[in-house]
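Heads up: the protein sequence lines correspond to chains C and D, in order.
Residues in the first sequence are numbered consecutively from 1, following UniProt numbering.
Residues in the second sequence are numbered consecutively from 1, following UniProt numbering.
No lab work stands behind these hints: they were computed from the structure.
Note that the list lumps identical chains together, so a pair holds whenever it fits in one copy or between two copies.
Derived lysine-lysine pairs resembling DSS-like cross-links, with alpha carbons at most 30 Å apart: (1) K281 x K94; (2) K308 x K94; (3) K308 x K281; (4) K308 x K25; (5) K17 x K281.
2 protein chains.
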Amino acid sequence: MKIGLLGHGTVGSGVRKIIDEMNTKEISQLEISKILVRYEKDITDERMTVDIYDIVEDPDIDVVVECIGGDEPAFSYVKAALFNGKHVVTSNKKMLVNHLGELLETARTRGVRLKYEAACGGGIPWMSNLDRTKRIDDIESFRGIFNGTTNYILSKMSNEGSEFAVALKEAQDCGYAEFDPSDDIDGMDTAYKVILSSCKGFGVLVSMQDIDIYGIRYISARDIAYACTHDYVCKLIGTGVKSNDGISATVIPTFVPKQNLFATISANFNAIESASRTLGKMTYVGQGAGCYPTAHAVVQDLIDLMYKQDIEVTSGESTRIDNKSRVSSFYVRSINLDCIQDMIEERIDEDTCITKKMSFVKLTSMIKTLEDDAVFVAEVMHDCM
Amino acid sequence: MKIGLLGHGTVGSGVRKIIDEMNTKEISQLEISKILVRYEKDITDERMTVDIYDIVEDPDIDVVVECIGGDEPAFSYVKAALFNGKHVVTSNKKMLVNHLGELLETARTRGVRLKYEAACGGGIPWMSNLDRTKRIDDIESFRGIFNGTTNYILSKMSNEGSEFAVALKEAQDCGYAEFDPSDDIDGMDTAYKVILSSCKGFGVLVSMQDIDIYGIRYISARDIAYACTHDYVCKLIGTGVKSNDGISATVIPTFVPKQNLFATISANFNAIESASRTLGKMTYVGQGAGCYPTAHAVVQDLIDLMYKQDIEVTSGESTRIDNKSRVSSFYVRSINLDCIQDMIEERIDEDTCITKKMSFVKLTSMIKTLEDDAVFVAEVMHDCM
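Okay, chain C solo, but in the shape it has when bound:
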């Protein structure tokens, strides 16, 4: 199978190395025939080109692998490849989420596949196992730690009692967080993965504005200390739940009981759990990022394409979002707590409380009434596994 590789950065070079260097029966049937790089000066290999048309218009290329990242030009290149009848494998979650409906439709009409195992959960075979489980079961729900950057920050804060700004700076210094960490710390990156998991697991298109998203930008060492003394560990959890009324989709920092599996997930690891009728709860734990694990996931997609081992492209229908049915209690820290006096179950101190049980819809409208830009909210998880 002939592959055109777009991008030769961390993930792209990992894909090239795995295909060039590994020796299995499957790998020996994969061949990278062209590699798109940005500048003439980047050309270090005779397969490299700076011209995208060399790849998307090459009739010998069966699959285009997109590892450029960002929205453009990645989107235009992927669209052109699909339009020209080439399968596409991508690790680019943000571009996917921005254009998911259009790309799925193009793939469907051109009779090719769009695969994105590496865009969600790094090396974890999450997408392929969702496909596998769906051969028998309906997926009822999923939840997980989908973002390594915030998990690194929260782990640092828990283990060392450090403040958010200090832990973020360390994450940036170690290369775990970007210069502008907003997508990670505001929960957007986790929301992208909730959208991709909902598309694969439930066969529906969820949009960003449908998800109740709470991030960790305003978390403080005090919040972590409260969680710790009450035998919780704070993790950023993305969740999708299917009900009769639609899909509930949320991203929120969560106080997880210490004896829960999620509490043990350390810095760069992700953990994702699905629930379905006959299989029950099934959890996958692995490296959520990194050159080789992510490249491994890309190459697995390529082998699935070669073996025609993937189910049809989901139609990706839009769906009704229903965040009314998921009910929980919440930890809230705000200088304006007095505005929500009647929703408080337990006042911890002047600016922190545990709320009564309420739905996410109710929570979000309550948080608006606080008129506090620096409010921190966490869900309190009660089940243990």
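Given the coordinates of chain C, work out where chain D should sit on it, guided by the hints.
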């Protein structure tokens, strides 16, 4: 695809229900045409028969699913099915381990497949994900909690401070342990699963006598209390490690640090971790037993056969076993500790100690010198994830 189902007990009836009741595209292509039951009085469905030849000699049947359990007649039936050119799916680990080389060879010469996802890790897609990982990587090692009965007993002892006999009795009363629990509590069941995982992961045949096996028959509440006060949780862990010198295979109660994922695995769940070059560490957590999870795994094997989605039958070569290279320190409780004075790192009290670091080969010869039938041994795990 036409299926002959042998046995209609817990797993067999689960397989029938999933295939009869679930509605996916894949399930609709599976058809159970005959079901073997033991006695005429068990016949409740027109597909049922008491005659094995009705199934293994039916030219229309493509696959035989064996859910009888035990060695005979299961082995003869499976052998006959393979010999007659039918694929076999089985959940019967003990029968498999007793005859693995012979069955693999029969399958190979008759050009059919022998699949056993459900025999190891219940509903966890462990075998299929080993196959998947091997399309790119060599499996370097695996380890896991493979046995629900001992995990239930150890969890009870940890949570309630109860003695082994009390916890075992409760496990028996709840149906988690059999009347004769020897296979579980002596570590044999875990060893079977280490053999099946080694066959799939490393492509080699390991025999029972090659594995250093320590069980939990002689564990006491004191041992659990020691683990707990030192921030460990005791779990029965099966391990396989590939090295230049061969395969190391062990089963041993292990003091796992509380912040390790394995420490959070509750009663009926299993957790299995693999390590490989590009994917790194990957852990699967799910229900290790139960009617539906196990039946789910059987049906996944059937769908893989239908889609021809499985790699070739492993040749199952014998291998050199090398338990010299795995080195650890151990907790030992014995009335004869004085015999091994020079191997003790830390004496805890009269009859318990932590040993110096040593290989499993050294450990096993040392334990023999104790001449104590009721010795309890646990490995002390030092890594955290």
